[in-house]
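Chain A is already provided as a structure; the job is to place chain B on it using the hints.
Going down the list, the protein sequences come from chains A and B.
Under the numbering used here, the residue at position 378 of the first sequence is numbered 360, and the numbers go up by one with no gaps.
Under the numbering used here, the residue at position 128 of the second sequence is numbered 110, and the numbers go up by one with no gaps.
Read the hints as simulated data drawn from the structure, not as lab findings.
From a predicted model like this one, the values you see are computed outputs, not experimental measurements.
There's no promise every hint is true.
No copy is singled out in the list; a pair is fine if it fits within one copy or between any two copies.
[What the hints assert, rightly or not] The calculated lysine-lysine pairs, modelled on DSBU-like cross-linking and capped at a C-alpha distance of 30 Å, are:
hint	residue 1	residue 2
1	Lys167	Lys128
2	Lys167	Lys389
3	Lys60	Lys389
4	Lys31	Lys167
5	Lys60	Lys128
6	Lys60	Lys152
7	Lys31	Lys128
8	Lys31	Lys389
9	Lys60	Lys31
10	Lys167	Lys60
11	Lys167	Lys152
12	Lys152	Lys389
13	Lys128	Lys152
Below, each chain spelled out in residue letters.
Protein chains: 2
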Amino acid sequence: MTVEEVCALDAADPLRAFRERFFIPEGLIYLDGNSLGVLPRATAERQRKVVELEWGVSLIRSWNDHGWIDAPQRIGAKIARLIGARPHEVIVADSVTVNLFKLITAAARLAPDRHALLSEAGNFHTDLHVASGAVEAVPGMRLEVKPRHQVEEGIGPDTNLLLLTHVHYKTGERFEMGRITALAKAAGARTIWDLSHSAGAVPLRLNEDGAELAVGCGYKYLNGGPGAPAFLYVAEHLQEQLAPMLRGWMGHAAPFDFTDDYLPAPGIARFLAGTPPMLSMSALESGIDAFEGAEMDALWEKSARLFDLFARLVEQRCGGHGLECVSPPEAERRGSHISYRHEHAFEICQALIAAGVIGDFRSPDVVRFGITPLYLGYEDIWQAVDRLAQTLESGSWRDPRFSVRGKVT
Amino acid sequence: MTVEEVCALDAADPLRAFRERFFIPEGLIYLDGNSLGVLPRATAERQRKVVELEWGVSLIRSWNDHGWIDAPQRIGAKIARLIGARPHEVIVADSVTVNLFKLITAAARLAPDRHALLSEAGNFHTDLHVASGAVEAVPGMRLEVKPRHQVEEGIGPDTNLLLLTHVHYKTGERFEMGRITALAKAAGARTIWDLSHSAGAVPLRLNEDGAELAVGCGYKYLNGGPGAPAFLYVAEHLQEQLAPMLRGWMGHAAPFDFTDDYLPAPGIARFLAGTPPMLSMSALESGIDAFEGAEMDALWEKSARLFDLFARLVEQRCGGHGLECVSPPEAERRGSHISYRHEHAFEICQALIAAGVIGDFRSPDVVRFGITPLYLGYEDIWQAVDRLAQTLESGSWRDPRFSVRGKVT
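Chain A on its own, in the form it takes in the complex:
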């Protein structure tokens, strides 16, 4: 496949215009949208306004006058559209970690006779870390961690909660949300889904799939900016049953009555805790607004094509260099990134960055390329693999400077 052929695919891409909504540095192929999405152009302008006018001029009045106080619900409702949920089932708050703590501790107490929180070995580690702490908060609870292929059979009569990441952060493997949620439910367990590597790229139908509880990340495919606040989802029928253990004034039924007694807000708002970081909240809203007019199914179709192109080009051009694709070939079994195992994944990743292709190293031996259908094109994929092939063929990655590790790898 020639570069001309892939450029023709870009020209025919019905989603091509969305790329113009983003600032992509000249010459850079950014395949790291699943670690930090690029800057939407509208965000830069919007942040100036939020800082210089809403904060600078309107000051405290902006909580009412510029809708700051409603932001968690308003942005949540916009995310709901992207994940197949109803507007009042999603709220933006805190981080994925903190939201997981809220959901685990609240949901586990609904079934006090069941004591296991089951998760996957090799799950994104913050999920396991927060789970290991959250079980300490609920009498008798314990964390069980099983290899991926034993998770389903691990659901038993003592399983209280199943905590799974929908798309695996490293391999991109995807769980079948509907089937597994139903399987767990049939065994009397509830499932919490982590959508961090799904929301904004992979089709999600939380309501249709019977999902009851979920969290997700704002700074990856949602383009909300570094460390953007996260979201959480609670199905309508469960909201009033859950009593948050981690609770605060923003989740109170009447936060400005300043009463000593805690009375949870109706619905999803009870999962708010402290005051939200408005500058970061506002950037998240701009990021999600960049999806306006895009249908998730069309985005997913494009993601799958970009993935297939990547995989095919690597096969054609990088054979014999020891790259082993660890992401599923079938679109319905994977997310929106493609990962390769290689003994020198770290050095290859660094050499690629120096060559203007940003992917992610994931310890100990994986290089990962995020495919963001909203702003990436076919030529990007072609150029990325071209530079990867050159890096491997030339052995440029052996330069000692590419083995120097930063704090964040």
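This is chain B only, laid out in the frame that chain A set:
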């Protein structure tokens, strides 16, 4: 006292130059710095750079290249100087609410035979709400809430933790940190101090006062912007003893090793949980940098003078209108705001806002004026009381539009 006389005080104020570091809207007297500090001029410029260059151009590389990953510790160390702590004893993370949850659940478990978390009735309500949830996470724990004058005698053999707000959000009353911390300690209890209405205005000497645990707010006197991340303090000798129940990857000893097992980071970093909201973090750092060159004792001396001027002018000019000062007259017993009780506090507050003086209504009957010594001057106080006197004398607050309540009051 004439306006000329107060202007002379401004001219002689050695801290006057700090005002130039802030953007204060023309004609506005902003006495709400203890709800949301004003915008530092440097922040506007810095935020553009963070959004447009660090995020927009450097993208994911900024975690290393622009020091994002060290921000919680770096900003924490800057706050430490303002509160009398050592640099490695303070870290920036999450919200006050979430940080309280972390400290309560971790510290309570150090003394499993003691079951009471004692706090003050009428404490800032999020402190009571989060405490009421956190005690559910620790077997046998309960929340005891006593009137302020009974708190000291309420410390008993079953008291595990004492949770107090150093300066009361409504009245401005200040607890004696050193004496009470020692009193609790002698009874075998640990104290958690909430410094939200202290940090950046009131002198704090956490180390000297033997404080072991504290949290505080970034968006009030620290000028960190709306919903700025909060901070937490743990005295060096306690850090390694505490095992956070709410834990996540950013508090792991090796977050980028992606290991399933949780191993807390050495020292204060273990109290990080998820990824920090960098845009809001960065604004907080700029806000704290605006203190550079200011000594806390000098700031406090000025705060006390501004307070005294306010109180004296109100006595002289607003007598007979039913305002009752609820803040202590003695500087060492109070914080940096002055509050008045009035049957129509809400309407008076709204009328004052319309007259260009922003204070805070605090339910059910208090109007509160925050005195931010870093950027307020003597003339500001004079003008504020002048407009207050006019509002009361004219009865302009009786206009029905001033009784309309927003979501945030």
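To see whether the hints hold, each was checked on the structure:
For the homomeric pair lysine 167 and lysine 128, the shortest alpha-carbon distance inside one copy (19 Å) is at most 30 Å, but the shortest distance between copies (44 Å) is not. In the homo-oligomer, the alpha carbons of lysine 167 and lysine 389 never lie at most 30 Å apart, since the shortest distance is 41 Å inside one protomer and 39 Å across protomers. Taking the shortest Cα distances, lysine 60 and lysine 389 sit within 30 Å of each other only across copies (21 Å), while inside one copy they are farther apart (34 Å). Taking identical chains as interchangeable, the C-alpha atoms of lysine 31 and lysine 167 are never at most 30 Å apart, the minima being 47 Å within one chain and 49 Å between chains.
Taking the closest pair of Cα atoms, lysine 60 and lysine 128 never come within 30 Å of each other, the shortest separation being 35 Å inside a single copy and 43 Å across copies. Proximity of lysine 60 and lysine 152 under a CA criterion of 30 Å is satisfied intra-copy only: 27 Å inside one chain copy versus 36 Å between copies. Taking the closest pair of Cα atoms, lysine 31 and lysine 128 never come within 30 Å of each other, the shortest separation being 48 Å inside a single copy and 45 Å across copies. With identical chains, the CA atoms of lysine 31 and lysine 389 are at most 30 Å apart between copies only, with a shortest distance of 22 Å across copies and 33 Å within one.
For a Cα distance limit of 30 Å, the shortest separation of lysine 60 from lysine 31 qualifies both inside one copy, at 21 Å, and across copies, at 28 Å. In the homo-oligomer, the alpha carbons of lysine 167 and lysine 60 lie at most 30 Å apart inside one protomer (28 Å), although the nearest pairing across protomers, at 50 Å, exceeds that limit. Within a single copy, lysine 167 and lysine 152 get their C-alpha atoms as close as 27 Å, which meets the 30 Å cut-off; across copies the closest is 48 Å, which misses it. For the identical chains of this complex, lysine 152 and lysine 389 are intra-copy neighbours only, at 19 Å inside a copy versus 43 Å across copies, given an alpha-carbon limit of 30 Å.
Taking the shortest Cα distances, lysine 128 and lysine 152 sit within 30 Å of each other inside one copy (17 Å), while across copies they are farther apart (51 Å).
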